[in-house]
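Novice: Sequence:
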Amino acid sequence: MILWLCLCWGFSPSLAQPDSELMARYLEEQLLADYSIAEQVARRVPRQAKFLQRLETRPRMSEFHVRSTIISRYAFTTVSCTMVNSGSEAREAVFEMQIPAAAFISNFTMSIGNKTYYGEVTGKEKKNSTDEKERHKKPPSPTEGRENGYETFKASVFIPRKMQARFILHYEELLQRRLGKYEYTVSIRPQQLVGRLRVEVNILENSGIVSLEVPPLRNSKQKGNGKAEGDVSPPPSTVIGHTKTLAKVTFNPSVVEQTKIARNGILGDFIIRYDVSRELSVGDIQFLNILAVHIWIPGQFLKGLLWF
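Under this note's numbering, the final residue of the sequence shown carries the number 310; numbering is consecutive throughout.
There's no promise every hint is true.
30 Å max Cα-Cα, derived DSS-like pairs, lysine-lysine [as the list claims (entries may be wrong)]: (1) LYS164 / LYS117; (2) LYS262 / LYS250; (3) LYS156 / LYS117; (4) LYS246 / LYS183; (5) LYS156 / LYS246.
Simulated restraints, written as ranges between beta carbons of each label pair [as the list claims (entries may be wrong)]: (6) GLY243 / THR118: 33 to 39 Å; (7) TYR76 / THR252: 18 to 24 Å; (8) GLY115 / ARG180: 42 to 48 Å; (9) SER108 / GLN193: 41 to 47 Å; (10) VAL86 / ARG265: 18 to 24 Å; (11) THR247 / VAL86: 36 to 42 Å.
Source of the hints: derived by calculation from the structure; they are not laboratory data.
Backbone N, C-alpha and C fix where the C-beta goes; we use that ideal spot for every residue, glycine too.
Build the full structure now, drawing on both the sequences and the hints.
Specialist: Written as structure tokens, this is what we have:
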């Protein structure tokens, strides 16, 4: 037995005394190394545990849908988001959406289980006066200001365990013509990868659609979008179809495609640019209840002609 141990450790019985000291020093060094490793792991485990705990306490977003209908350059947008709490205790869910500063929110609802809560829509003038009073009481939040022509809508709620919450936001805006084209932009920033993510935009222009393009996703914090300057192809999984007066654009990326764009779920701005026909005609007349709007798009302005 002793001979077998000596052969395994690589020393002879005649040299047992010196080699035993070497073996002791070897074992001591190994123990110190193991202790150092264990100490490093002990220091890292709490930080990793807290990080994993934060990830675990975050409700998962299962759906993020945006549906927009544009009629005569006026856009109606509905954002629907579903969050699931699969944990064993109540967890806070935060719904955050960037909308154009020129748009206004027409409705907001929040459903938790079988209960539905309706938001109160107030005018911007009343909201601005309230914000002015609150600004003297506390420092402004980063989400309360405007950034690059956008405002951030934010709502949070605690979701009971094993339940889900659904947020539905409606807002409207009048599209502005920039550089010869009308531009519609919707923010796709769910801040996590989503299993079912879809954007659908339907356009109706009775005067006729003469051009339609979908550039790559744009990050509002950068001038560009991180792609080559000559890259003007639409985002992946984008489908574009249009006739003379109708157009439909869908953006439905899978989780793999979302990962290639941004692993943190901040995909960027989905942009649609189009222009309408400006031939001489009587224009378009829209009716709503007792209201009527006459939309007329002039071709070229004549010199010396004064418009009121």
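Novice: All the hints need checking, so say for each whether the structure fits it.
Specialist: Each hint tested on the structure:
Only pairs whose Cα atoms come within 30 Å are accepted, and LYS164 paired with LYS117 is accepted, the gap being roughly 15 Å. Taken as a hint, the LYS262 and LYS250 pair is honoured in the structure, with Cα atoms around 25 Å apart against an allowance of 30 Å. For a cut-off of 30 Å, the pair hint linking LYS156 to LYS117 stands: about 20 Å separates their Cα positions. Of the pairs offered as hints, the one joining LYS246 and LYS183 holds, with about 16 Å between alpha carbons and a cut-off of 30 Å not exceeded.
Restraint check: the Cα-Cα separation between LYS156 and LYS246 comes to about 38 Å, which exceeds 30 Å; the hinted pair is violated. Checked against the given bound of 33 to 39 Å, the beta carbons of GLY243 and THR118, roughly 35 Å apart, stay inside it. For the hinted restraint 18 to 24 Å between TYR76 and THR252, the CB-CB distance of approximately 21 Å keeps it satisfied. Roughly 44 Å separates the CB atoms of GLY115 and ARG180, a value that falls within the hinted 42 to 48 Å.
Distance hint for SER108 and GLN193: a CB-CB separation of about 24 Å, inconsistent with the stated range 41 to 47 Å. Here the CB-CB span from VAL86 to ARG265 is close to 20 Å, well matched to the stated 18 to 24 Å. For the pair THR247 and VAL86, the beta carbons lie near 40 Å from each other, so the given range of 36 to 42 Å is met.
Violated hints, in rising order: 5, 9; the structure is consistent with all others.
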